[in-house]
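Participant: So you can see what is in the structure, the chains are spelled out below.
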Amino acid sequence: MALLETRDLTAFYGNFQALFGINLTLSEGETLAIIGANGAGKSSLLRTISGVLKSPAESILLEGMPIGHLDADEITSLGIAMIPEGRRLFPSLSVEENLEIGAYGNKQAGYWNLNNVYDLFPALTKKRNQPGTSLSGGEQQMVAMGRALMSNPRVLLCDEISLGLAPVVIKNLYEAFPEIKNSGASLIIVEQDIVQAMKVSDRVCCMMEGNITLSGTPDELSMDMIHAAYFGEEQS
Amino acid sequence: MIFLDSLIQGILLGGLYALFAAGLSLVFGIMRLVNLAHGDLIVFGAYLILLLVSLLNLNVFAAALVAAPFMFALGWMLQKFVLNRVLGDDILPPLLVTFGLSIVIQNVLLETWSADSKRLSAGTLETASLAIGPINVGIMPLLIFVSAIVVILVLNQIIYRTSLGRAFRATSDDPVTASLMGVKPKNIFSVATGLAMIVVIIAALYLGVRSNFDPSIGPARLIYAFEAVIIGGLGSLWGTLLGGIIIGVAQTIGATINPEWQILSGHIAFLLVLLVRPRGLLPRAFD
Amino acid sequence: MSYVVKVQTSASRMAAIGTAILIPVAFILPLFASRSLLQDLFFIFTMLTLAQWWNLLAGYGGLVSVGQQAFVGMGAYAMFGTVILLGWDPVPSILAGGIVALLLALPTAFFAFRLQGAYFAIGTWVIAEITRLTVAQWKQLGGGTGTSLPRSATRDIMFVDGIKALFDTKTSVARDILAYWLALILVILTIAAIYWLLRTRRGLALAAVRDNLQAARSVGVDPDKIKWLTFLAAAFGTGLTGALIYMQKARISPDAAFSVVDWTAYVIFIVVIGGIGTIEGPILGVIVFLLLQSLLASYGTWYLISLGLIGIIVMLFAPRGLWGLLSDRTGIELFPVQRRLVMNKKLSKEK
Ligand SMILES: Nc1ncnc2c1ncn2[C@@H]1O[C@H](COP(=O)(O)OP(=O)(O)OP(=O)(O)O)[C@@H](O)[C@H]1O
Ligand SMILES: [Mg+2]
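Protein chains in written order, with the numbering used here: chain A, 174 to 409; chain B, 34 to 320; chain C, 626 to 976.
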């Protein structure tokens, strides 16, 4: 059975429909990359899975259990953590407190604790008592990743880790992924940076206007196909 | 001499106002909600203590202790079943609901207890005093001031040192992201209002011991509390104490000049601070 | 295909016709109505005026003031002041009441606008308290215990002699008729002015300011200016009403004239129960209010308890009030201010 599955998943902002029947599966240990142009609905997909946007119960299944109707905090407690777009650290919490609150809802034991997060991102150790929002963009992204890991998630949703960061910093952050995978988490990675995404993922889905238009393993997909799916051009 | 005396009385009175304000400040800090019934809830607390004193034959301090869990539950339910339903981007619904609540509480108290003024008795503590140099300071005002400091220390300890406090601050910053951490913002709000109600019962105890009270005095307490919060700067409990002290001192000094000016001087001090420091004396760095 | 912007609805046309009949009837009503009916209507009209102004502030402007009693009290005291100290006739003194309330609104707005959102509400309340305490120091007007209009002033109020001759009644009845007419004129002018304001560009801007400050700025609306204008206009109207109410009462005290329950709590409940953010709401609300009052007024506290509870329940379950429920069911709008797009073809068919 798939670890996580979506069935005909739709999402709405008021009357505006952002997702039109998304069908996805994520197996245990797998890393799935989701790519697509701005406004394709990638963040909306992650927000719906994480419970920030509501959906019918049966449209999201965790090991076969319907979870679509649950609130975000309940979904987090079931082991689905999210690194939100734009990092969204808590300004009135220090770096360490930002990490600690990541474990608020999910107290189950696992590999990740403060020490192991600091081992993963040594740069944070010295800054543990500074306000989270006083850090550089890359460091803030480390805090956001560490914060999500602190709940020892089975599924980790990553929304544009690379957003607004320099290529070396992005490369640095992506070097953490092998260890994250080793800890037993399965991942859904939303990325604009296609090269990085393809490198770490087992499978790639391309989204356009709220639909999945292409999916396959990184080896199967040529740059041309992705390009076509990205911009909706006719394939020649 | 008279001046020094009223200065000290004013500072001690400020402790009482800080107690009135601490619950208001806590709730506003976490959920941006101004509870217009806050003053009436304090008065309600004073009647509750009065009831427990006569029913269980307790002294006022023990009665407040007994009332505390009840007040927590009341606050928790008020938030869960009423206020959580109207919290949102629009400030109007929570304001109007708490305004309605204020009118209801006042009139229920009036119906059950009549308009006669009442007082809580703390026995010999009330008249005891302590000579500090040339000044005689009442034990009760001193106890109130110390209580205010303890309440603020404890609240700050909760807010800055516990996991619950982290959740308070995270929810205040960004409720949606907090929910991604497994925090249930609505539960956090309910706990916060419950906690504020425990502070309310402490404020009620000292309100009733220090002066007479009747069902109509709630709104005036709300106003003093509000002034203390604004003067201090939103979100800072020490600032709230400072604000309470400024109102208290302005009132006692105004009263020594002309007894009719007591309340007015407090309000004018508030306007003056608002004029020069619109964000209060100890504002939060970000908001 | 072309579109035109249309505001009128068929219900609003009916309402306009209804109003055109009702207003003259209301004016000649003193010919056959009983004195107590006139007094009830005076109460309805003045409360409705206060409610309309508060609704403009809170319902349209998002300025939730809990301090409107400052302007009722100030208007009333200014009216008493000009009569007692300057020897004016009470009728022009009402105008003075409005103007003084307007002047009080200047410093009030200056301070209260420094406070955001919910704190604005308590800020206005503080200023109302300050005004009450200050006026209570005004010894020539009776200080804390208050005063009455002197007999010399109430004996020959402007127009009263004329009304006496016209209706062939006692002075006291003639005074009630005069007060009734003034309240009627005031409420008509108030509703007309607010309706007009909401249909101008300024009115649209007002809603924009309430809904989204940033967006309002970006489309070139100066939110501060609109807020000031609204607040000052509401203070003027509220002050006029306060002065009129106390001309009728002829006796004033600071606690009564600056009562938060009488002039703000009641008004808020009228608007909330009737339907906030509509012109029709307060009209419906004041009728419900009067019905409740005649049912429960003898129970005093129970009356206020029920008002409070009804207000809370309405906010929880029908935040747009009774009128909101009604117009959702029926789609009726008597005072439409929303602009609706209508296809031109359809419009020409109607013609
Ligand atoms: N809060 C919102 N309210 C209304 N519409 C929204 C909201 N958030 C997103 N949308 C709309 O939903 C659609 C999908 O947005 P989404 O954020 O999911 O795209 P995305 O693929 O993550 O884009 P990006 O790469 O820019 O992050 C867009 O058309 C967007 O305008
Ligand atoms: Mg996105």
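Mixed in with the good hints there might be a few duds.
Claimed, not checked - Calculated cross-link-like contacts (lysine-lysine; reagent style DSS-like; alpha-carbon spacing at most 25 Å):
#: 1; chain 1: C; residue 1: 850; chain 2: C; residue 2: 789
#: 2; chain 1: B; residue 1: 113; chain 2: B; residue 2: 219
#: 3; chain 1: A; residue 1: 299; chain 2: A; residue 2: 227
#: 4; chain 1: A; residue 1: 227; chain 2: B; residue 2: 219
#: 5; chain 1: A; residue 1: 354; chain 2: A; residue 2: 344
#: 6; chain 1: A; residue 1: 227; chain 2: B; residue 2: 113
To be verified - Chain C is faced by these chain B residues, among others (derived, beta-carbon under 8 Å):
#: 7; residue: 41
#: 8; residue: 44
#: 9; residue: 129
#: 10; residue: 256
Calculated from the structure, these hints are not laboratory results.
The model shown is predicted, which means the values in this text are computed figures rather than measured ones.
Beta carbons are placed, not taken as given, at the ideal position from N, Cα and C, and that holds for glycine.
Participant: All hints are to be evaluated individually against the structure, with a verdict given for each.
Facilitator: Cross-check of the supplied hints:
1. A distance of roughly 46 Å separates the Cα atoms of residue 850 of chain C and residue 789 of chain C; the hinted pair therefore is violated under the 25 Å criterion.
2. Taken as a hint, the residue 113 of chain B and residue 219 of chain B pair is honoured in the structure, with Cα atoms around 7 Å apart against an allowance of 25 Å.
3. Distance hint between residue 299 of chain A and residue 227 of chain A is unfulfilled; the C-alpha atoms sit about 39 Å from each other, more than 25 Å.
4. Straight-line distance between C-alpha atoms of residue 227 of chain A and residue 219 of chain B comes to about 17 Å, which keeps the hinted pair within the 25 Å bound.
5. At roughly 16 Å between alpha-carbon atoms, residue 354 of chain A and residue 344 of chain A fall within 25 Å of each other, so this suggested pair holds.
6. Annotation: proposed proximity of residue 227 of chain A to residue 113 of chain B holds, straight-line Cα distance about 21 Å (limit 25 Å).
7. With a cut of 8 Å, the hint placing residue 41 of chain B at the interface with chain C is violated, because the nearest CB-to-CB distance is about 25 Å.
8. The interface hint given for residue 44 of chain B is violated, since its Cβ lies 22 Å from the closest Cβ of chain C, which is over the 8 Å cut-off.
9. Hint status for residue 129 of chain B: holds, given a least beta-carbon distance of 5 Å to chain C, under 8 Å.
10. With a cut of 8 Å, the hint placing residue 256 of chain B at the interface with chain C holds, because the nearest CB-to-CB distance is about 6 Å.
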